[in-house]
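Chemist: Kindly produce the complete structure, drawing on both the sequences and the hints.
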Amino acid sequence: MAALLEIKDVITAYGRIEALRGVSLQVEQGSITCLLGPNGAGKTTLMMTTAGILRPRSGSIRFMGSEIAGAAPHGIVERGIALVPENRLVFPRMTVLENLRAGAYQRNDRDGITSDIERLFARFPRLRERAGQEGGTLSGGEQQMLSVARALMSRPKLLLMDEPSLGLAPLVVEEIFGIIRELHRDGTTIFLVEQNAHMALRVAHHFYLIEQGRVTFSGDPGSLAEDEVIHRAYLGSAKA
Amino acid sequence: MDVLADLVQNTLDGLTAGAAYALLAVGFTLIFGVLRRVNLSYGAAIMFGVYFATWTSQHFQIGLIALALLSIAGAVAGGAYVERLCFSPHYRARDNSRADASSGSIAAMVASFALWMQFEEAAILAMPRHLYSFPPLYEGAPLQLGSFLLRVESIYLLLAAIVVCASLHAVLYRTRFGLAVRAVIDVPVAAQLAGINVSSVFVRIFALASAIGGLAGFLIAASSEQVTPMLGMWSTVKGMLAMMLGGLGSLPGAVVGGLVLGLVEVHSQWFFGPQMRDLIAYLLVFALLVARPAWMTRWTNIRSAS
Chain V
1 MAALLEIKDV
11 ITAYGRIEAL
21 RGVSLQVEQG
31 SITCLLGPNG
41 AGKTTLMMTT
51 AGILRPRSGS
61 IRFMGSEIAG
71 AAPHGIVERG
81 IALVPENRLV
91 FPRMTVLENL
101 RAGAYQRNDR
111 DGITSDIERL
121 FARFPRLRER
131 AGQEGGTLSG
141 GEQQMLSVAR
151 ALMSRPKLLL
161 MDEPSLGLAP
171 LVVEEIFGII
181 RELHRDGTTI
191 FLVEQNAHMA
201 LRVAHHFYLI
211 EQGRVTFSGD
221 PGSLAEDEVI
231 HRAYLGSAKA
Chain E
1001 MDVLADLVQN
1011 TLDGLTAGAA
1021 YALLAVGFTL
1031 IFGVLRRVNL
1041 SYGAAIMFGV
1051 YFATWTSQHF
1061 QIGLIALALL
1071 SIAGAVAGGA
1081 YVERLCFSPH
1091 YRARDNSRAD
1101 ASSGSIAAMV
1111 ASFALWMQFE
1121 EAAILAMPRH
1131 LYSFPPLYEG
1141 APLQLGSFLL
1151 RVESIYLLLA
1161 AIVVCASLHA
1171 VLYRTRFGLA
1181 VRAVIDVPVA
1191 AQLAGINVSS
1201 VFVRIFALAS
1211 AIGGLAGFLI
1221 AASSEQVTPM
1231 LGMWSTVKGM
1241 LAMMLGGLGS
1251 LPGAVVGGLV
1261 LGLVEVHSQW
1271 FFGPQMRDLI
1281 AYLLVFALLV
1291 ARPAWMTRWT
1301 NIRSAS
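Residue numbers (my numbering), protein chains in the order written: chain V, 1 to 240; chain E, 1001 to 1306.
The hints are simulated quantities; they were obtained by calculation from the structure and are not laboratory data.
Backbone N, C-alpha and C define an ideal beta-carbon position, used for all residues, glycine too.
Do not take every clue at face value.
Non-contacting residues of chain V with respect to chain E, defined by C-beta distances greater than 10 Å in every case (computed) [said to hold, decoys possible]: (1) 62; (2) 78; (3) 91; (4) 98; (5) 105; (6) 123; (7) 141; (8) 168; (9) 199; (10) 202; (11) 215; (12) 217; (13) 228.
Derived contacts from chain E toward chain V, CB cut-off under 10 Å, selection only [stated by the list, open to error]: (14) 1038; (15) 1179; (16) 1192; (17) 1200.
Modeler: As structure tokens, then:
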């Protein structure tokens, strides 16, 4: 399989503090790849760097063969990457429908947008019920669905998801992971950051463990090291 | 009965002043609400536009519409200069420590203060007299409504405020650009992630706000038939006060704030004397900022929650 996203030696810093200290990893075309790690390991920083919100100090990020490190966020969306951000970040004072239209901002195909909204409403019936309601009035689970749906409106080739289960009830988490499986079945490549390692390893084809700004382990779920990885994803390595 | 008549006449005059303030506040609020930056040079750029029109009117024979367009064009040019120097460096420098947005906004505000001084000095150098006459908006007598007087200029100002607000509302809620603007106001990072080019939205908002300011400046100069370099400071202060009264960042609030400011000023002047006009207006804004009633903080809360 070919690598859709190839991250090499990426260093991202906030002022003098390096949050990523040389991260390298690959996301294969058509896979669900998962990034695990304890709080503060740099997972969100990697997502924000890939989406262009943060600028890497050095290193390379290649998407479908072309360099995107340091490109502006709207340019990265244009190339086919969409991020479902941590804490969902729906537009609280815009209606559900407007949130979706904002997700399709770069598209000009009116009919395509309308039919995509229709398709997403079929997949997320709760969003259809709340189409005219402001994003801020939705429940946490509904906001997560809206955030995913908004990202899908740009028709991404690669969907980045940052902690989609954060703060959600177990039943809603199940629902979100069901959606992740469905999206993958429909052909979307997914790069997922999760604290919930158990859930993540159930859907992932491949995973990376990141600790203190470095990838410290990578492998396939089901391998012998799984318990160790889960332990370290929650608690950090014993040495730390 | 006399007091009642005074009240009605003052209210008419107050609404006129308020319409001008509302226009100024709408432009100010656009910049503050979208960029979350205070542009102290807002009024100075307006003054620059109006001076440009005044200068032209003294050298060439031009009509009112041309004067209005020149004021708007001048204000937009002035605004673009301010945007380039004070604001664009901050949202284009993508150095991650930009998370520290407050230092950036202070730098932008201080820089905009410097440009305000620059505009004022330039105006004084180019046109050294303190006061220049400006062609009148309307030369006839005021309208007589029963025992009340209504200046025709007032109708123009009120109409302009209504038309500008209605068009702005249509742009914000009916167009693709409006969707992008509201997204940027709501959650800037999410807007970027949705593929919206945020700095291009900023530039266009700056131009739009300056154009509205230029129109306001033209109407104000043409109804008072004179200009001084003080128009810059005056516009910034009135726009900012009205914006604060309206709850910092809400467009309908800016309109209401402008009208309230105008009414309070005119009534205060009538009942307590001209020295009290500004004093009472400032006291009102001060009291509101201290008390921060719920309707006022609602907007800022939504802000910080995002």
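Chemist: Next step is simple, just say for each hint if it's right about the structure.
Modeler: The hints, checked one at a time:
| no. | hint | in the structure |
| --- | --- | --- |
| 1 | 62 | holds (20 Å) |
| 2 | 78 | violated (7 Å) |
| 3 | 91 | violated (4 Å) |
| 4 | 98 | violated (6 Å) |
| 5 | 105 | violated (5 Å) |
| 6 | 123 | holds (19 Å) |
| 7 | 141 | holds (18 Å) |
| 8 | 168 | holds (19 Å) |
| 9 | 199 | holds (24 Å) |
| 10 | 202 | holds (27 Å) |
| 11 | 215 | holds (20 Å) |
| 12 | 217 | holds (27 Å) |
| 13 | 228 | holds (33 Å) |
| 14 | 1038 | violated (22 Å) |
| 15 | 1179 | holds (6 Å) |
| 16 | 1192 | holds (4 Å) |
| 17 | 1200 | holds (9 Å) |
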